[in-house]
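Chains as they are written, first to last, in the working numbering: chain A, 1 to 435; chain B, 436 to 949.
Hints are computed from structural coordinates only; laboratory data are not their basis.
In this text the structure is predicted, and so the values were computed from the model without any measurement.
Hints are supplied without guarantee of correctness; some may be wrong.
The following label-pair restraints were derived from C-beta to C-beta distances [claimed, not checked]:
1) Arg31/A <-> Asp811/B: 56 to 62 angstroms
2) His281/A <-> Arg756/B: 54 to 60 angstroms
3) Arg412/A <-> His945/B: 40 to 46 angstroms
No residue lacks a Cβ here, since even glycine has one placed at the ideal position from N, Cα and C.
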Amino acid sequence: MYIIDRRLNPGGKSLANRQRFLRRAKAQIQRAVRHTAGDRDITDLERGGEISIPADGVREPSFRRSGEGGVHDHILPGNKRFVEGDTIDRPPEGGGGSSAGGDNGEGEDDFRFALTRDEFLDLFLDDLELPDLAKRRVATVEIQGMRRAGYTVTGSPVNLALLRSMRNALSRRIAMRRPKPQELLSLREEIDRLEQQEEPSERLTALRLELEQLQLRTKRFPYIDPLDLRYRRFEPVSRPVAQAVMFCLMDVSGSMTEHMKDLAKRFYMLLYIFLTRRYKHVEIVFIRHTHEAKEVDEETFFNSPETGGTVVSSALREMQRIVEERYSPDSWNIYAAQASDGDNSPNDGSTSAAMLRDVILPVCQYYAYLEVGSDSDRMQTGFINHKTSLWQTYETLQEKGANLAMRKVNHRREIYPVFRELFRRRDAEAGARVP
Amino acid sequence: MSVIEHDSLLFQGADWDFGTIQRIHDAVEKIGVGEMGLDVYPNQIEVITAEQMLDAYASIGMPLFYKHWSFGKRFALHEASYRQGFMGLAYEIVINSNPCISYIMEENTATMQTLVIAHAAFGHNHFFKNNYLFKEWTDADGILDYLEFAKGYITRCEERYGHAAVERVLDAAHALMSHGVHRYPRKKRPDLRSEERREKERHLHQEQTFNDLWRTVPTKGAAAKPQLSDERRRALLELPQENLLYFLEKSAPRLQPWQREILRIVRQIAQYFYPQRQTKVMNEGCATYCHYRIMTRLHETGQISDGAFLEFLQSHTNVTRQPEFDDPHYSGINPYALGFGMMQDIERICTKPTAEDRQWFPEIAGSGDVMAVLRDVWANYRDESFISQYLSPNLIRQWRMFHLVDDPEQPELMIEAIHDERGYRRLRRSLSRHYDIGWSDPDIQVIDVDLAGDRRLILHHHVLNRNLLHKDDAQRVLQMVANLWGYAVVLKEVEPSTGAIFQEHVAHPHETLF
């Protein structure tokens, strides 16, 4: 009998099958993922988790009986009172209760299973893309890294390329005709045998001489020589920077309700998840403003109440300051999202517009303005008859060709579609919708 | 009773290591082979984790298998229900191969490992090696090599022809898997090792004899072939043919060689599992009876402690529980319970027969040598014949079985037979029929095809008791048949006695698919 311990075998044997399965049912799974995402709290969006898809799409059909119509007979255990010839009323629902089942064991309901976090996010963000802003210095800034580049004859022991070294040693030994151990051994045996015959013969002396020479040769050509050693070589390369900073700007003046803040938070979360998928390193800066702006931490940003007027340019100025101080556009990809209810103090409009146009937009990869409305606004369908002052300001900018995306959201449900719309992968109609 | 000396115990507590497993195996072997006369393949016991067990579930218990999305689906399903705690995992999986591989889970206690080794490594193992169906239809020596070949072959096909193309063939083949077995022995025993060689040789021959010149030679107009008689034509195509996969592999006009090979692979695997489907009750009955006897002996000889024995009894009774029909947990007859019940009943008949037993089973009643009788039963029967031969009135009474008929044309359900003098034989006959695959699987055959004409393939479903096919599924499968066949396919559901046609399904191939 053999006992084999398989526990340490690499796991994930079914991974290939799983990928095939996900590919097969991709459309349905994606729909399910989007659906779940709508219901879920955005903070646990990242967790992956269980979804269910209609079983129909991944059905494995076979020739089987339908189980309806036709005569069925069952052998059942546990008779208590029946005698032969008894009749029983059909249970309602076509005999579901007592029927022995088994005819169609497969459930036709939904098919539930769990996705990992990565699978979930991949599907969730599948056809989204960061807006293609080729104009920018995205790839200009570089950091240094190391890359494998062949072999070298010098190096530190940790980089010793064992296989390559041994291969060199082997070929050198063959080329130099270093005697093999077996040869020496057989020679020695031969000598021993002759010695035991105790008759000094010519052959014995010849063999001894040969052995001596071979041993000398063995010494002269060592098994492994410093000459054979090879080390893995690394060379420095520069890689384009892959870091981003995300500015969250929000109006926290009295007119912003909890509901509006919630909407904004959801949007920021989505943006954050999305950016972390694209960049290795993402930092977030929270700037809130009333009539004056302040950089705060997340907790304060979303929760602590504040009162005052509304001066948007103060936030833009704060952002400018932080960018200059910490996030040089040379080495950072800068994204900004602003959420507001649309109020702005009347005399600030032109200042904000100028700030945005001249200072902020040129350093940003992307600037999104999200106008959050209260739930009750929904009836008025959008902004056509109801443009807020900030909206008007930004709209003029946009018409002049500023690179700015803006949307209005009233309800939690709309966050996700709006987000998708903003980041939808654009092919032919690039730039046609949102500049 | 003497106080059990701790020295004789195989293990104490729940912990075990490889030394323990070895000791347990040796002790079980001594009883199983020495006292019970079991004849087994050499054992190979592999310790695996829960995740690996789920992996094994997904690929029908085989240690290696080709890749297909349906296995991924099964894995996802099992994983979800396992993580939520709806489903416990099996304690073991055993593979009909030589050496016989048993997987045991790392989290089992020492007692459970003993049970598992007795159950799988000796019970199932003996059954695999000796039952006539397994001897006839499976090749335990070659299966692992064959699976390796199948996996490699399908991977190479995927590389060469693309995932989608291979997946379509596999989907179709899987759908026909239940109708891809030979039910009657053919000339040759299965020899899976030569399968791989055969494929290689065929491929080599093709490459060697390839000559592009032949393509340029103008062909004569097809010579008018003499019209074959219908009879002769069908004989040449081996019609009627109930092995649909075999027929398509051999006769479908438009398949590529690699597509035929994939059909063949699926067919061989279906054939390998064919005996298992027919011997569920016997196989589990045999294994359960063996583990019960072995564990009892181990306890009697003081090799496992009282506590361990109680732990064993608890899981044993769980496994062999049979809820009654009106119990909410009832979900059909438990093959473990029925199998174990019948094996024990045979033991009783052999050792303490009643007058009734002598009348019903004159050849074994009171014979005394239980194991000889059981070994003979395990070697020469399948579920259907086993039940129709050995289900005793005693067990029918004990289970209080009854036969219920559901005829949609009658207003009420009817009790056909109960556990009384008049009912025994009828109950036994209808129960055994439930385990006859020929009865429970729809009988579908290729009846005819006009190869010279429009090449329409005609299938018949011989309807039993007016049970028609599941319409939606039938249409889907038929579509796959049509894709493989390359021309239209029609499936007629026929009442065999009168020839009346209940229903017709037609499918035309998607031209783009193959």
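Review point. Which of the listed hints are not met by the structure?
Key: none
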